[in-house]
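Trainee: Whenever a hint applies, use it, and build me the whole structure from the sequences.
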Amino acid sequence: MQEYLNHFLGNMDIVNSREVCKFLEVSKLSFSPEYGPKLKEAYVMVKHLPKIAKNDDSDRCCACHWFNCCNDNWQKVWAVLKPGFLALLEDPFDAKPLDIIVFDVLPASDGNGEGRVSLAEEVKERNPLRHSFKVTCGVRSIRLRTKSSAKVKDWVAAINDAGLRPPEGWCHPHRFGSFAPPRGLTEDGSQAQWFIDGMAAFDAIASAIEDAKSEIFICGWWLCPELYLRRPFREQASSRLDSLLEAKAKQGVQIYILLYKELALALKINSVYSKRKLLSIHENVRVLRYPDHFSAGVYLWSHHEKLVIVDYQICFIGGLDLCFGRYDTFEHKVGDNPPLVWPGKDYYNPRESEPNSWEDTMKDELDRGKFPRMPWHDVHCALWGPPCRDVARHFVQRWNYAKRNKALYEEAIPLLMPHHHMVIPHYMGRSKEIEIEGKSVLDNTEDIDREDYFCSRSAVQDIPLLLPQEAELDNCNGFPKSNALDSTAGTSVSFAFRKSKIEPAVTDTPMKGFVDDPDSLDLRMERSSDVKRKLGSKAADPEWWETQERGDQVGFVDEAGQIIRSVSQWSAGTSQVEESIHCAYCSLIEKAEHFVYIENQFFISGLSGDEIIRNRVLEALYRRIMRAYNDKKCFRVIIVVPLLPGFQGGLDDAGAASVRAIMHWQYRTICRGQNSILHKLHKVLGPKTHDYISFYGLRSYGKLFDHGPVATSPVYVHSKIMLIDDSKALIGSANINDRSLLGSRDSEIGVLIEDKELVDSQMGGNPWKVGKFTLSLRLSLWSEHLGLRKGEINQIIDPISDSSYKEIWVATAKMNTTIYQDVFACVPSDIIHSRLTLRQSLTFWKERLGHTTIDLGIAPKKLESYHNGDIKQTDPMDRLKSVRGHLVSFPLDFMCNEDLRPVFNESEYYASPQVFH
Numbered sequence: 001m002q003e004y005l006n007h008f009l010g011n012m013d014i015v016n017s018r019e020v021c022k023f024l025e026v027s028k029l030s031f032s033p034e035y036g037p038k039l040k041e042a043y044v045m046v047k048h049l050p051k052i053a054k055n056d057d058s059d060r061c062c063a064c065h066w067f068n069c070c071n072d073n074w075q076k077v078w079a080v081l082k083p084g085f086l087a088l089l090e091d092p093f094d095a096k097p098l099d100i101i102v103f104d105v106l107p108a109s110d111g112n113g114e115g116r117v118s119l120a121e122e123v124k125e126r127n128p129l130r131h132s133f134k135v136t137c138g139v140r141s142i143r144l145r146t147k148s149s150a151k152v153k154d155w156v157a158a159i160n161d162a163g164l165r166p167p168e169g170w171c172h173p174h175r176f177g178s179f180a181p182p183r184g185l186t187e188d189g190s191q192a193q194w195f196i197d198g199m200a201a202f203d204a205i206a207s208a209i210e211d212a213k214s215e216i217f218i219c220g221w222w223l224c225p226e227l228y229l230r231r232p233f234r235e236q237a238s239s240r241l242d243s244l245l246e247a248k249a250k251q252g253v254q255i256y257i258l259l260y261k262e263l264a265l266a267l268k269i270n271s272v273y274s275k276r277k278l279l280s281i282h283e284n285v286r287v288l289r290y291p292d293h294f295s296a297g298v299y300l301w302s303h304h305e306k307l308v309i310v311d312y313q314i315c316f317i318g319g320l321d322l323c324f325g326r327y328d329t330f331e332h333k334v335g336d337n338p339p340l341v342w343p344g345k346d347y348y349n350p351r352e353s354e355p356n357s358w359e360d361t362m363k364d365e366l367d368r369g370k371f372p373r374m375p376w377h378d379v380h381c382a383l384w385g386p387p388c389r390d391v392a393r394h395f396v397q398r399w400n401y402a403k404r405n406k407a408l409y410e411e412a413i414p415l416l417m418p419h420h421h422m423v424i425p426h427y428m429g430r431s432k433e434i435e436i437e438g439k440s441v442l443d444n445t446e447d448i449d450r451e452d453y454f455c456s457r458s459a460v461q462d463i464p465l466l467l468p469q470e471a472e473l474d475n476c477n478g479f480p481k482s483n484a485l486d487s488t489a490g491t492s493v494s495f496a497f498r499k500s501k502i503e504p505a506v507t508d509t510p511m512k513g514f515v516d517d518p519d520s521l522d523l524r525m526e527r528s529s530d531v532k533r534k535l536g537s538k539a540a541d542p543e544w545w546e547t548q549e550r551g552d553q554v555g556f557v558d559e560a561g562q563i564i565r566s567v568s569q570w571s572a573g574t575s576q577v578e579e580s581i582h583c584a585y586c587s588l589i590e591k592a593e594h595f596v597y598i599e600n601q602f603f604i605s606g607l608s609g610d611e612i613i614r615n616r617v618l619e620a621l622y623r624r625i626m627r628a629y630n631d632k633k634c635f636r637v638i639i640v641v642p643l644l645p646g647f648q649g650g651l652d653d654a655g656a657a658s659v660r661a662i663m664h665w666q667y668r669t670i671c672r673g674q675n676s677i678l679h680k681l682h683k684v685l686g687p688k689t690h691d692y693i694s695f696y697g698l699r700s701y702g703k704l705f706d707h708g709p710v711a712t713s714p715v716y717v718h719s720k721i722m723l724i725d726d727s728k729a730l731i732g733s734a735n736i737n738d739r740s741l742l743g744s745r746d747s748e749i750g751v752l753i754e755d756k757e758l759v760d761s762q763m764g765g766n767p768w769k770v771g772k773f774t775l776s777l778r779l780s781l782w783s784e785h786l787g788l789r790k791g792e793i794n795q796i797i798d799p800i801s802d803s804s805y806k807e808i809w810v811a812t813a814k815m816n817t818t819i820y821q822d823v824f825a826c827v828p829s830d831i832i833h834s835r836l837t838l839r840q841s842l843t844f845w846k847e848r849l850g851h852t853t854i855d856l857g858i859a860p861k862k863l864e865s866y867h868n869g870d871i872k873q874t875d876p877m878d879r880l881k882s883v884r885g886h887l888v889s890f891p892l893d894f895m896c897n898e899d900l901r902p903v904f905n906e907s908e909y910y911a912s913p914q915v916f917h
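Going by UniProt numbering, the first residue of the sequence shown is number 1, and it counts up by one from there.
Think of the hints as simulated: they come from the structure by calculation, not from any bench.
We treat Cβ as the ideally placed atom computed from N, Cα and C, and that holds for glycine.
It is possible that part of the hints are untrue.
Distance windows between CB atoms, simulated [to be verified]:
(1) 766 to 414: 53 to 61 Å
(2) 893 to 265: 32 to 40 Å
(3) 706 to 412: 31 to 39 Å
(4) 789 to 766: 24 to 32 Å
(5) 158 to 6: 26 to 34 Å
(6) 802 to 882: 21 to 29 Å
(7) 874 to 674: 26 to 34 Å
(8) 789 to 674: 42 to 50 Å
(9) 789 to 877: 15 to 23 Å
(10) 265 to 674: 30 to 38 Å
Straight-line alpha carbon distances no greater than 30 Å define the calculated DSS-like cross-link-like pairs of lysine-lysine that follow [unchecked claim]:
(11) 363 to 268
(12) 633 to 806
(13) 47 to 153
Mentor: Now the structure itself:
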């Protein structure tokens with residue numbers, strides 16, 4: 001018998017036949033490790049697909065030749081069940097899916113009180129000779145038929161087991177209600193690297209794209225194909241985004257780009273131009289814009305994620321879109337004349353002017369001799385390992401949903417299949433070798449017999465390695481309870497990722513064109529290592545903050561991370577509204593022990609009982625501060641936001657109602673009215689309130705050109721981060737407002753990083769264990785904001801001590817604010833309380849200077865001061881030399897006598913207030 005089977009399997013013509021595939025239940029996807037282990041496969045009948053051209057009538061019964069009794073549009077397809085999806089193929093030799101259901105979180109109840117909804121369930125047919133089952137996930141439900149009731153039961157059991165089996169089942173909500181479980185709780189290769197400002201992030205993204213071998217996913221709110229990722233731009237022509245993508249597309253890399261389709265009346269980002277430009281690059285570039293506003297009924301909300309994913313090995317996530325105006329350095333220069341860094345429309349200041357067309361990108365929109373650019377501050381993050389594949393899974397969900405809604409019958413726009421985690425699942429065994437700079441993660445552990453990648457599950461293997469803890473929500477208001485987050489400690493290892501290799505699980509000779517080469521797994525992991533080495537060349541020293549005073553990126557850090565997001569039916573086709581970013585914010589704040597540091601583009605939130613603003617980040621901060629006050633413990637909250645909204649229009653202009661509306665909601669959150677946090681805290685804490693919470697902005701200055709005018713501009717804070725106790729970091733695309741946090745509005749994505757590499761530090765003068773990732777990020781941010789000199793970084797190691805917080809942070813902000821007011825009398829300012837005062841100030845300075853910016857950003861040629869009755873004139877640059885960094889106080893009293901909401905003769909009055917908050 002063995003000799004017969006060997007002879008049988010040695011005949012490739014026999015083995016590569018549909019009959020053998022059907023008998024063995026194997027296909028081209030069976031042993032592709034990127035999609036996970038083989039679970040169940042077989043022919044099934046479906047009705048919902050377009051007609052498939054067949055060369056035979058094998059799926060028809062004998063009577064069909066005379067009576068056509070089966071002519072009811074049912075077709076035979078090959079179904080492939082994997083841990084994360086159910087794919088339908090034309091036959092076992094195809095790798096391109098005709099349809100796919102990507103498993104996602106199911107409702108907790110079927111609405112009838114009969115327990116959680118099943119992923120698959122049997123369907124009773126009127127005809128007893130027909131046997132069907134239904135698979136439902138998200139807003140989709142497909143019906144399938146098989147030849148017997150027993151096969152229906154097998155399929156239903158297998159699908160439910162794949163989707164619902166904890167801990168890796170995708171149909172279970174995880175901590176914070178996220179679709180993705182916490183990663184990095186075992187040595188699974190989860191690593192992270194942060195980047196501050198566009199220069200560092202864009203260079204890393206360019207390096208990753210240059211190293212791409214198979215696939216690139218890009219998702220953005222705004223994308224400019226002509227963006228240079230490296231500067232000076234004249235020396236880096238090959239770094240232009242369209243050039244990078246063209247080079248990779250010509251090498252066979254498949255590129256998928258998902259753009260937000262804006263309402264042209266409201267935004268000028270011109271995504272139709274970007275799509276047209278990208279599609280002209282190469283046939284391997286596919287582009288989708290979503291949503292179609294009229295057919296989808298979505299007018300107010302946007303897709304706000306900013307993602308780049310390369311080969312499922314590395315992804316970039318955070319606040320930076322690949323578009324004009326985002327490239328910047330820690331210097332945050334206001335001028336570039338002649339243009340060396342910011343060409344054409346990349347010299348960008350939306351406060352002054354928004355271009356009406358983006359097609360002539362090298363043509364200046366602003367007069368560089370008169371107007372400063374608006375510096376842009378942002379934070380981005382790179383992820384490796386399972387968190388990267390979770391982000392890619394989110395992209396696949398969104399891509400497939402957009403494809404079904406916009407390009408259902410376009411063959412050039414394929415459906416995508418998400419990759420599976422090759423390390424975490426316990427039934428797939430552990431990685432044979434993951435080395436990190438002289439330290440193997442398998443050191444001091446017992447050898448584990450490695451199971452075959454494609455073996456079936458056994459009772460012993462059912463013992464999970466990963467046990468995520470779910471957030472419990474208060475039934476009354478959805479507020480996360482305090483036990484929703486556990487800290488994770490780990491051993492310290494070097495940043496530099498030297499080598500990552502997983503040995504192939506299958507050593508048999510692959511069948512040509514049938515089973516993928518198992519060596520490809522080695523190649524994928526080696527590619528990931530190559531990218532890491534390339535990106536980490538600037539920061540390989542694990543104690544980098546002790547040897548350099550300012551860094552824009554950090555080396556690779558082992559971390560426990562979890563992907564969190566805001567999605568709903570309109571944005572991703574999910575059946576559940578997911579607001580895991582919101583839940584994570586609230587839970588992290590409530591569990592913070594000493595310190596919360598926030599940078600965000602917006603800060604619009606509500607206290608308990610607020611019936612207008614529904615997100616409860618503000619309530620979480622209030623609760624935590626009151627607990628610290630009652631316990632008589634030091635606790636600091638520092639919040640950095642833009643000084644003004646980054647939208648066009650002077651604050652007194654008739655067309656700037658949107659700017660004033662956003663300011664209204666932000667001041668309503670911070671300090672004005674019964675629903676503001678400072679008002680509520682001050683009633684209890686009095687003047688001590690500012691010991692617990694304070695607000696800041698950023699500002700920069702410089703000459704527009706040699707011997708030109710001195711100008712200032714607010715640095716636009718666009719980062720979306722929160723740091724907790726120097727040990728946890730939340731980085732993503734979500735603003736602190738209802739649009740980003742409620743889940744049913746804008747779509748967003750972020751990552752919560754919990755440090756595993758801990759070092760000794762201080763908190764409030766006492767010893768405290770902090771994480772390398774979070775500590776290094778804060779130190780670099782503070783070093784930039786405070787303009788620290790060489791040797792001064794040790795003064796801010798303890799963020800809550802009076803010597804750091806009051807004597808350096810607060811004092812620097814006050815000093816810089818005073819200097820800017822003395823030199824420029826710029827807005828916003830605490831001394832301007834009304835539009836009348838603002839109007840008078842604008843008129844005075846325009847008459848005196850002849851020209852100034854929309855926010856009074858031009859300094860007089862000489863500053864005049866009175867000394868002993870004499871007028872003394874000084875160069876404004878002499879006064880500005882005392883400015884340290886960019887930190888300034890947020891003007892809490894600016895326009896305090898005005899109601900900034902739109903009035904009846906402004907078009908914004910008739911728009912839903914939800915647009916602004």
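Trainee: Indicate, hint by hint, whether the structure satisfies it.
Mentor: Here's how the hints hold up against the structure:
no.	hint	result
1	766 to 414: 53 to 61 Å	holds (57 Å)
2	893 to 265: 32 to 40 Å	holds (35 Å)
3	706 to 412: 31 to 39 Å	violated (52 Å)
4	789 to 766: 24 to 32 Å	holds (27 Å)
5	158 to 6: 26 to 34 Å	holds (30 Å)
6	802 to 882: 21 to 29 Å	holds (23 Å)
7	874 to 674: 26 to 34 Å	violated (46 Å)
8	789 to 674: 42 to 50 Å	holds (44 Å)
9	789 to 877: 15 to 23 Å	holds (19 Å)
10	265 to 674: 30 to 38 Å	holds (35 Å)
11	363 to 268	holds (17 Å)
12	633 to 806	holds (16 Å)
13	47 to 153	holds (20 Å)
When held up to the earlier numbered hints, the structure conflicts with 3 and 7 and fits the remainder.
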